[in-house]
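Protein chains in written order, with my numbering: chain A, 153 to 465; chain B, 34 to 307.
Note that these hints are calculated values from the structure, not bench results.
There's no promise every hint is true.
[Said to hold, decoys possible] Facing chain B, a subset of chain A residues (Cβ under 7 Å, in silico):
hint : residue
1    : Ser163
2    : Ala215
3    : Leu264
4    : Leu447
5    : Pro451
6    : Met454
Quick caveat: nothing in here was measured; it's all calculated off a predicted structure.
In this text, a Cβ means the ideal position worked out from N, Cα and C, and glycines have one as well.
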Amino acid sequence: MQVYLPIAEISVNLFLILGLGLGVGFLSGMFGVGGGFLMTPILIFIGIPPAVAVATQTNQIVASSASGAIAHFRRRSLDLKMGLWLTLGGAMGSVIGVQIFAILRAMGQIDLVIALLYVMLLGAIGALMLVESGRALRRRWQAQKSGQTWRPRRRRKRGMIDALPLKTRFPVSGLYLSLIPVLGVGFMVGVLAALMGVGGGFVMVPAMIYLLRMPTSVVIGTSLFQILFVTALTTFLQAAQNQTVDLVLAALLIVGGVIGAQYGARAGQKIRAEELRAALALIVLAVCLKLAWDLGTPPVDMFELLDGRRGSA
Amino acid sequence: MTRPGPFAALMIGLLAFVMAGAQGRPPEEDRATGIVAALTQDVVEIQSTFDGAELQLFGAASGLQPGDDIVMTVRGPRTDIRVMRKVRLFGVWVNAAPVRFREVEGYYAVASTRPLNQFATFSALRRNGIGMEHLRLVAPETQRAQTLFGVSDVVVSELGGEIVDYRQAIVRNRAREGLYLEDPQGVEIIDGGLFRARVILPPVTPVGEYHADVWLFRDGAPIATRRTTLEVRKAGFEQGLHDLAHRHSMIYGLLAVILAMGAGWGAAEVFRRR
């Protein structure tokens, strides 16, 4: 059954989109990631214009992070003050990211930049995850052999972040920290949301743990809080400035994603973390390779037709 | 698609036109020729299940003689487009060298009783923009007036012969999407002066005003022509959403955010109770 997407202006198969939403939602529930970094490239593969895929995916992340953020808010497992500062940085990043998006679109380069960013990001994340989960698997295997229980590595020592000015107290996290790295992390995630249609949790969570040294108990809740508000703002800005949010596509993705995530979360509890991460790393690398391959293969046509109404290239 | 009521009425009307041309006129006006046409639909609505459409153009030519030919063109709404050439840079294909074309038809179909070059002169086709080689594809930013061979104000492209590659690229890309079609056997003469042609609209059909023209060609030149219009529009829900997104984009953005937050909150509630 075909469904016409009014903003993307193409027809897509209803069950294909619902199924993709379910599948990526399942993976995101299982691995505890937003899934934007998988869904956006897949949408591009099936022919959704990249600009629409990115903006619409941001809208889907609003829904998926909202349900998570609410749960953490009820449990009080978030640092509200830290979340608000991260959101402020994210808002600035989002505003600038949407402007960059508009400029690149006018230059006819937005599709290329989106694909290149994804190749770099997915390649880096996939490789890191693969190496890390491989190491963990080997360590566990060695620990089992020698009969010892394996403990994760201790956190790194304090760095130059403590030398930065504008220090303030974050009582929930128990930190006395400069606002500059907080705003910086938020800003970077905001730019990523606007340009790539991802929540940015995969960047923010490690940054919060290793860079800001927040206690892990509030990291997920705080990052979801920031992602919720930054993706909400990004969705609004993309709709207002670029008119690239497709509500029909977003609704289909949200329905599939929400249901898939719930079952994925249940399935995830039964599988061991290292195997899971290794599997996700392989999926991420596969998507990365496909994108890189498409960039390098000769195009179907040596010319491309673009809308001439906007921009002045 | 074709309802019997209006269709029958259309055929009777066309038949009457042919009869009038064939019999009802005095003999000295026997050479008078005319052509009329109508589409089975004059509005095509794009709804949520739209996957392209096919309609028929029915027409009648009075005073049709052996050796005459009929041509139909359908032109969609005009927009400016940019055409960019793909260039390989560090192993990656990137868009480069944009050329802006003014007022390019978003849809263009041409159908005829025979291949165009077998019955029509080059100048007649060029003047009326009939056939893929005769589409008006103008890139004003690359043009300048020059005096060539003693003739002043000859319009030449700064790109030289390369502009031809760009023009061909437009036709080729649009043809791949089913937006530009040429069918040299597309007009079928049913009987006497009655004829019909199919108009196929692909799923990516742009919305807007369409013009369907029919020409009666004799001795290489058109001797009668008639235009009808067709409107392609988004209907119902799709129309509403598209309008909202483009005319009230702030409200649309707010709506998108509120719906997503509501959905997320709803899901959290539903699955918490289980």
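Which hints, by number, does the structure contradict? When the structure is compared with the hints, none of them turns out to be violated.
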